[in-house]
Amino acid sequence: MLNMIINIAKEFSPFPAGRFLTDGPYSGEKFREEFLIPNIERHEELLINLDGVMGFGSSFLEEAFGGLVRRLDNSSVVFKKIKFISNEDPFLIDEINSYMEGAKG
Amino acid sequence: MPDIWVLINDPENAGFLRLFASATTWILILGGWFVVNSHNNDREKRKELRASLDLLKVDILAITQKAVSFHVNSYYSSYEAMQIVSNIKSINRSINRLHVSDAYKLDIQPQSNKFKQRISLVNFDSSSFCPQVYDSPVVMGIIKSSEDYIDSLETMFSDHLNSFWRRYFKYLLSLLGFYWCYF
Numbered sequence: 001m002l003n004m005i006i007n008i009a010k011e012f013s014p015f016p017a018g019r020f021l022t023d024g025p026y027s028g029e030k031f032r033e034e035f036l037i038p039n040i041e042r043h044e045e046l047l048i049n050l051d052g053v054m055g056f057g058s059s060f061l062e063e064a065f066g067g068l069v070r071r072l073d074n075s076s077v078v079f080k081k082i083k084f085i086s087n088e089d090p091f092l093i094d095e096i097n098s099y100m101e102g103a104k105g
Numbered sequence: 106m107p108d109i110w111v112l113i114n115d116p117e118n119a120g121f122l123r124l125f126a127s128a129t130t131w132i133l134i135l136g137g138w139f140v141v142n143s144h145n146n147d148r149e150k151r152k153e154l155r156a157s158l159d160l161l162k163v164d165i166l167a168i169t170q171k172a173v174s175f176h177v178n179s180y181y182s183s184y185e186a187m188q189i190v191s192n193i194k195s196i197n198r199s200i201n202r203l204h205v206s207d208a209y210k211l212d213i214q215p216q217s218n219k220f221k222q223r224i225s226l227v228n229f230d231s232s233s234f235c236p237q238v239y240d241s242p243v244v245m246g247i248i249k250s251s252e253d254y255i256d257s258l259e260t261m262f263s264d265h266l267n268s269f270w271r272r273y274f275k276y277l278l279s280l281l282g283f284y285w286c287y288f
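Read top to bottom, the protein sequences are chains A and B. Counting from 1, position 98 in the first sequence corresponds to residue 98 in the numbering used here; the numbering is continuous, with no gaps. Position in the second sequence counted from 1, then plus 105, gives you the numbering used here.
A hint or two may mislead.
[To be verified] Under 7 Å between C-beta atoms, here's a sample of chain A residues computed to sit facing chain B:
1. N49
2. D51
3. G52
4. M54
5. E88
Calculated from the structure, these hints are not laboratory results. As the structure is a computational prediction, the values presented were derived from the model and not from experiment. A virtual CB, placed ideally from N, CA and C, is assigned to each residue, including glycine.
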């Protein structure tokens, strides 16, 4: 399949919180392991819709997206394949990009 | 070249001159109305922006207080954590709705992200939570970033007011319109 859209609020949780699995049922680690890693390998482009959730803690975003860059051997694939939609929060995409850049090392 | 005084005194041109004088009066009336109306609109927009920024400042200070209280608490509260991220998102949405150009909003983005990171990147999850003291780097970082955030909003307001193009571009356009109508 070429593209996939992941709507976090609908497909994961409208209340994502926590960094690790031990922090809660909807943590950044869980999102990365169950949604990001399986889909990034199968699709050409991953469009992630960030709207509709109550809010993202920075630790959730860092673990999900920064952690994704750390986990994959070829981190440039992440930057190429992942795109974001955020109409509600204008600063979110920049924040996520900063975590991904920071994780690149 | 005919002498201008000969043209003005020629009775055949009287009709044209009356029309010219009356058109000048109307253009001055409409031009004056346009300038006064623009100033009034600007003043009202400035007041609206000032009121929105004052509300944002109150919200930022409230979140700062909530975040400090969260980090110095002796126990971890997932409810408070969720409330804080929700309030931060609400502030960002309010900034998104401000009637200023995107360039000004981009200017405050680094301070906004730093504020959020200071609150919710470290010591924000149950697995890593450790009660802080008031002079800890976590708490001091939150207070500092909140002050920087408020300062960046004030800078945005001041830059917006002093923007040369925003203030004078419409007058330049009206002058061009006047020139186009008249000649």
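Hints versus structure:
1. This hint is violated: N49 (chain A) has a C-beta 15 Å from the nearest C-beta of chain B, more than the 7 Å allowed.
2. Given hint, D51 (chain A) at the interface with chain B, is violated; its Cβ is 10 Å from that chain's nearest Cβ, farther than 7 Å.
3. Checking G52 (chain A) against chain B by beta carbon gives a least distance of about 11 Å; that is not within 7 Å, so the hint is violated.
4. Look at M54 (chain A): its Cβ gets to within about 5 Å of chain B, closer than 7 Å, so that hint holds up.
5. Using the Cβ-Cβ criterion of 7 Å, the hint placing E88 (chain A) at the interface with chain B is satisfied: the shortest such distance is roughly 6 Å.
Checked against the numbered hints given earlier, the structure breaks hints 1, 2 and 3 and satisfies all the rest.
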